[in-house]
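Undergrad: As given, the protein sequences belong to chains G and X, one line each in that order. All you need for the numbering used here is the position in the first sequence, starting with 1, plus 1416. All you need for the numbering used here is the position in the second sequence, starting with 1, plus 1.
It is possible that part of the hints are untrue.
Restraint-style ranges between C-beta atoms, simulated for each label pair [what the hints assert, rightly or not]:
1. X:M94 to G:L1559: 56 to 64 Å
2. X:L269 to G:A1529: 33 to 41 Å
3. G:A1529 to X:A34: 35 to 43 Å
4. G:E1606 to X:Y133: 39 to 47 Å
5. G:G1481 to X:V147: 49 to 57 Å
Everything labelled a hint here was simulated from the structure, so no lab data went into it. No experiment lies behind these values; they were computed from the predicted model shown. Cβ coordinates follow ideal geometry from the N, Cα and C atoms, glycine included.
If you want the building blocks of each chain, they are given just below.
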Amino acid sequence: MTPLLNVNNIGIAFGGLRAVDGLSLQLEPGDLQGLIGPNGAGKTTCFNLLTGVYRPDTGDVRLSGECLLGLRAHQITRAGLARTFQNVRLFPHLSVVDNLKVACHLRTGQTLAGAIFRSAFSRREEQSIDHKCRDLLDRFGLLARADEAASGLAYGDQRRLEIARALATDPKILLLDEPAAGMNPQEKVELKSLIAKVLADFPVAILLIEHDMDVVMGLCRQITVVDHGCVIATGAPAEIQRDPKVIEAYLGVPEETSA
Amino acid sequence: MPLLMPRWVAPILIVAFAVGLQWVARPLLGQYAERVAMDAGIAVVLAVSLNIVNGYTGQFSIGHAAFFAIGAYTAGAVTYYASLLIWNSPVAMGLWSSQSVIFIAATILGGLVAAAAGWLIGLPSLRLRGDYLAIVTLGFGEILRVLLQQTNKQLYTREELHAAKLGELIPPPIGGSLGFINVPKVANLFWVGLFVGITLLVAWRLKKSTFGRSMIAIRENEIAAESMGVNVTRLKVWAFVFAAFFAGVAGSLYAHEVQLTPQDAGFLRSFDVVIMVVLGGLGSITGATLAAALVTVAGEWLREPTHVWHLFGLIAIIRILFWPTGRLKAAIWWAGLIALVEGVRSLAIHYQVDLGEYRMIVFALVLILTMILRPGGLMGTHEITDALRLRNPKRAPTGGAAAGEPTEVPA
Ligand SMILES: Nc1ncnc2c1ncn2[C@@H]1O[C@H](COP(=O)(O)OP(=O)(O)O)[C@@H](O)[C@H]1O
Ligand SMILES: [Mg+2]
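Okay, chain G solo, but in the shape it has when bound (with noise of 0.2 Å):
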């Protein structure tokens, strides 16, 4: 059976710097998993080659055994494949609403013309988007907030509105660059929650990026390590946190060996 998402052995080089290098992995549908490394590993490259931001060097990346190579960023979401960024890149000045609602711009089937002279198809489907938003907001408790700017939201759920964002688009797999970064123990005990009843509530898998430990372990099924752009470990997170490999990769980066 072809995986749902299938990366094979992918690369890119910026200069003379390998920041990827072979990287593979398997995503099966309802999937959690981890890519944790040291800082500078290579992972938001990594987001970056399977979202069409850079084009690999080598491998190729499939979705249901179609390939993505060469695709668009934003075909590459229409495709299925939605991410989180690791620098919140929220539409500020936007409206909460608002921000979820760009992101079901790419499902829409009104024209131009239809949106210019308010066709009952395009104000039909205004209001489905409205519905839809709201109740996604609702789900993740920001439903009072919907029509303050983004930019006013508190960071924990501008964090948490970027993952709302990113399933807006309707998305069978969920990339969330470290989610959790600058949160705090409370604030996180929360993302966990929340990550979980995703996985419940849609039909995404999820592919998640994170330094916290306490997250990655208590979540994923499968955790894949890289360091310096190659993959030094795979397996379940108990297998990875006693690799030596592992270990000795994250010796010099103290906070992350303690957690």
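On the provided structure of chain G, position chain X with the ligands as indicated by the hints.
TA: This is chain X with the ligands only, laid out in the frame that chain G set:
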């Protein structure tokens, strides 16, 4: 959901507005004020359309006059030569004559040709990130100005037209550097009001649609917009094509009001429009409209001092009263602006300087001061409807706030 009127209400209001302008307001205005009002209307169409590119998508086009001139020359030539052929005279006929049909067709054609030019210019330059668009649009306007100077001399009679050889018709006989004159002067407050209304309605509905939201998302964070599935290049090009179309329409109105010269494609007019958009607040239709009216009237007033404090005051009051936040700053800004303009005017009178000659300098000063003191412009990104909605100060403005955010590096 914001309050949605039945969709036929706005078109009826637009027609009523145009009729009211022509048959109620015009008799009260007098000829001079009528001309200024028409120029203001044309400026509104220009500013509101440029705002779709510079305000919604956050691109920076500084060659809007090029599309204005394309529409002006195209529509002007169609009406002029059609009138020569049909009536053997370029004299303007009444609103109810068949010439009006030609005028409407010419206006739409002018818009479409401008839109096509917008597409040709926009497609290659909007693919690239960065300031290529500014450079390309600026260059395009200047090239067009030179090209217009190289066109054939105008033909003045039907006989000349029939006798013309191919070499006199290509490049088109639109007057070269002498300018293109005698286009039937059929533009009036009715047509200007009608097209202003249509432009505002289309710009508004676009902004409120899924397309407009996505355009604003591009301005807010291009990388995130693309990653959320927005086809960034396509929407930028669409915004550009829309803007060019309405610039062409504005050009047609202008062509049927005064005579054309190649200067109309040049940087000076483009600069005027950029000022209006920046002064109004990037992305705000209300702001672009007010600023266009203000700049036009102020320009006239610098030429020939009359009392336009009413207009200054009115806009200041709208801005300060209706929008609850930042009242004090807005009041100070307005007081400063008024003092500055008044000061310049008194000095000019004292030294007997014709300020009309210096309006570019005055506008440039106003622009610089705006950028320093109120980078968000007159309205920020607020619309007049924000004041009518619930007075919740936390509520996001219609379609986001000020520009001036630095663009970000890739993810
Ligand atoms: N666009 C780029 N140009 C040059 N180097 C880059 C670029 N993007 C990432 N890198 C480099 O690639 C390496 C991996 O970065 P990144 O994927 O962001 O690491 P992380 O695992 O912390 O997310 C780093 O050394 C980074 O400096
Ligand atoms: Mg990273």
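Undergrad: Against this structure, judge whether each hint is valid.
TA: Comparing the hints with the structure gives:
1. For the pair M94 of chain X and L1559 of chain G, the beta carbons lie near 60 Å from each other, so the given range of 56 to 64 Å is met.
2. Distance hint check: the CB atoms of L269 of chain X and A1529 of chain G are about 35 Å apart, consistent with the given range 33 to 41 Å.
3. Here the CB-CB span from A1529 of chain G to A34 of chain X is close to 37 Å, well matched to the stated 35 to 43 Å.
4. Here the CB-CB span from E1606 of chain G to Y133 of chain X is close to 44 Å, well matched to the stated 39 to 47 Å.
5. At roughly 56 Å, the beta carbons of G1481 of chain G and V147 of chain X sit within the given window of 49 to 57 Å.
Comparing the model with each numbered hint stated earlier shows that all of them hold.
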